[in-house]
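Engineer: Mind assembling these two chains? They're in different frames, but the hints should get you there.
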Amino acid sequence: MTVEQSVLRRTPLFETHKEAGAKLVPFAGWEMPVQYDGIKEEHIAVRTHAGIFDVSHMGQIEVEGPGSLAFLQRLVTNDVAKVGIGGAQYSLLLNEDAGVIDDLFVYRLAHDRYLVITNAGNHEADLAQFGLVARDFDVYVRDASANYAMLAVQGPNARRILEHTLHLDLPPRMEVGARQIGRRPAIVCGTGYTGEDGVELLIDPEIAPAIWTELVDAGVVPCGLGARDTLRLEVCFHLHGNDLTTETDPISAGLGWACAEATGFIGSDKVAVLRANGTDEKLAPFVIEGPGIPRQGNPVKLGEDTVGEVTSGTFSPSLAKGIGMAYLRTDLAEPGTELEIDVRGKRRAARVSSKPLYKKER
Amino acid sequence: MTLAEASYPEDLKYHAEHDWARIEGDEATLGITWYAQDSLGEVVFFEGPEVGAELTKDQPYAEVESVKAVSDVVAPVSGEVIAVNESLSDAPEAINADPYETGWLVKVRLSDPSEADSLMDAAAYAASLE
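Heads up: the sequence lines are chains A and B, in that order.
Numbering-wise, my numbering puts 1049 at position 226 of the first sequence, and it's gapless, one number per residue.
Numbering-wise, my numbering puts 129 at position 117 of the second sequence, and it's gapless, one number per residue.
Bound-form chain B, shown alone (with noise of 0.2 angstroms):
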């Protein structure tokens, strides 16, 4: 069901509240990182901010929820959400078997594209765990 191995995939940018965002232009793809994945555990709710809400970095700005834990999803970067995986309210445990793709949370137009800089990249992220 889940990802047994940690992985931290090169092409994206990684936040240390454990979100990860895959910056393409001027939108990013966000996400939860397999080590927050594998810290709540099997993930059975999430509900994501509605479609034109407005992130802010380092905000929290939904929660995903296993049986035993909430947890906040912070914002790596700044933007306005144009679209939410609505396939998670059907299958939130895509979250835990594939966080990185089909377990996507929300896409973003970025409001400051300058604030990716200050993200890690995947081994500076995963040196940041040990």
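Pulled out of the complex, with its shape left as it was, chain A reads as follows (with noise of 0.2 angstroms):
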């Protein structure tokens, strides 16, 4: 390991994995686990069952005041307005060229009143974001990342256990409530990173611990960040830091659904040129024919032609095969299209898929 173990955080439930004999490794400057038993298992638990992750190295942002709104217009992308009271809304942080600085969940939790789900390894940068532009509205901005851990419970049993466990009342998808954990105030959230359906919980990180081991008591599968990875690319959820970069733009990443220029956000003008003119590359999901697993940083090749590169690759359980997504040339990012990615020298056969790469039984 590179990074010292002294310089990494670590969650409320840091001696709960520790103990259960999760392997742990440095994460955006977090000590995580990465799995328990195993990333196979767990990303079929999640599957077929339900399962538990720690997600508390993510950040939470508190946007509260009068200006809230057009607070929120100016930083983020998607259109803040159309989400309600309980309302849930994926979105993007911009800098003035359209990179992408962060992918967020953007929670209404009452009428001026926002929490603001950030990723880890970007939560500073973030927050430096929305400090700058905080100074033009009337709004009050606070970290409240201390305040919260954050459980991500996903899988087709999800609900009915946690609803079981918890005696709790659970919002629908997409959309977020007050409840109380343990005693203590908490968000419960109908999102997740994982295409299956499932909460996130924030609550009281004094209670996490016992949340959790109630939750596992229960037939909750325990799940590391391994199989966290596995499960959203097979849903072709992006990751920032590999799929999207402030190198990177939201029409090129294909969340130009997430981007509503009228709203007038930081970088907005930048977008609707990307639009309207169309990017020379775009994001696509491809799957591997025969053996071989894609890396990220694997170039792909057309012949001897180098015509993009894998942001996210891996061994996709559910498929039994390689997965993952590259930023192609344009002309090159429809399904069906017949590629090759350069896998440390071996030229491995795929095929631009169409989105999700897996593809839930119903």
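Hints listed in this document are in silico derivations from the structure and should not be mistaken for laboratory results.
Source: prediction; values computed, not measured.
Some hints could be false.
Unchecked claim - Below, simulated DSS-like cross-link-like pairs (lysine-lysine); rule was C-alpha separation at most 27 angstroms, straight line:
1. Lys1178(A) to Lys1124(A)
2. Lys1144(A) to Lys1178(A)
3. Lys1124(A) to Lys1169(A)
4. Lys1093(A) to Lys905(A)
5. Lys69(B) to Lys1169(A)
6. Lys119(B) to Lys841(A)
Structural biologist: Below you can see the structure in the form of structure tokens.
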């Protein structure tokens, strides 16, 4: 490990993970469980039953005050005016050049009160951007990350077990509500990053180990960040740092749907031009046709030409083959296109696919 | 699925890069150690060299991949590949479940049998992991 153990931050569940024998690794400045018993088993548990993830490394920023809506319309890309009280919305934080600083979830908790969920590795950059833009608005911005432990409970049986075990009435998909968990105020959100039904719980850090243990005792399978990554990639959810960076724009990334240029967000002029003119590259999902596992950074080849680069690649436990997403020359980013991925010098046949790569059987 | 407890058979020779060799006359069977498979996690892909390929001691000759990671497999001895464990293409998890028997990777004909003298015995290898 190149990162000193002492500089890594730990979630309220660190001891719980350690005692359970989880494999802990440095991730975005945190010491996080990458797996418990195995990524494949955890992945399948979420697809078929229920899994629980400690995502307490993710950040929370509170936005409050009469200027909240105007502030968020300027700051993030989606149309926040469409979010009713108790609503949730995916959005992007861009710089002036339409580079993606982070991708976020915005929860509307009250008329003039929002909670924004950030990625751990970008939280400080996000806070700086929030603070800078807040100067022009009648709004109060506060880093609320220390107030919450965050647990994602995901899978077809997640809601049923949660309702039974914690005696909770859960908000529907893409909605958020205030609840009591462990006799403390909590926020429950019908969101997730796995392609399965489920919720994310924002709870008092003090009670996090007890709640975690209660849910695990009720049969929810503890999962690490390894399974979180394979689950999200199968359903083509973007990962900032891989598929989104300050060097990529929302249109190339296929996130035009999360951008409402009419709101005048920072970077909206640039996004409007990209949307109108098209982009040279597009992010597209692909499947490896034979053997091989694509990895981030692998060149994509068409004959001798390099026509793209893999930004996320892994082994799909559901499909039992290599999958990934790559920025490709726009004319090639259509489902069915046959390409090759250069995996450390070996050419692996790949086919561009449609989203999601894993389709749930109904 | 996996061997829960570390094990390092006495009849094998070990390389510091977490590879083992079972030396029988001028031939050797090669694989990765319990420690290597445990560090890597569930192996989901192994593609061996071709029969006839020349392995050079201390140089990588193949890769094993888990869901998250790729790891080089280093040759503990030099020699010509005379067999590759083909069953691993369908069942690479054998490398986790049984790293010293059904999870073997390749067999080689040794080009310099004296190289084996530089390898560790089980006790020395286990001590190196402390």
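Engineer: Is the Cα-Cα distance between Lys1124(A) and Lys1169(A) 27 angstroms or less?
Structural biologist: holds, 11 angstroms
Engineer: Hey, Lys1144(A) versus Lys1178(A), does the alpha-carbon distance stay inside 27 angstroms?
Structural biologist: OK: Lys1144(A) and Lys1178(A) at ~16 angstroms, within 27 angstroms.
Engineer: Are the Cα atoms of Lys1093(A) and Lys905(A) separated by 27 angstroms or less?
Structural biologist: Given that 27 angstroms is the threshold and the Cα spacing comes to 23 angstroms, the pair holds.
Engineer: Taking 27 angstroms as the top limit, are the C-alpha atoms of Lys1178(A) and Lys1124(A) close enough?
Structural biologist: Status holds; Cα separation ~21 angstroms.
Engineer: Given the hint that Lys69(B) pairs with Lys1169(A), test it: the Cα-Cα distance must not exceed 27 angstroms.
Structural biologist: holds, 23 angstroms
Engineer: Is Lys119(B) within 27 angstroms of Lys841(A), Cα to Cα?
Structural biologist: violated, 39 angstroms
Hint 6 from the list above is the single one not met by this structure.
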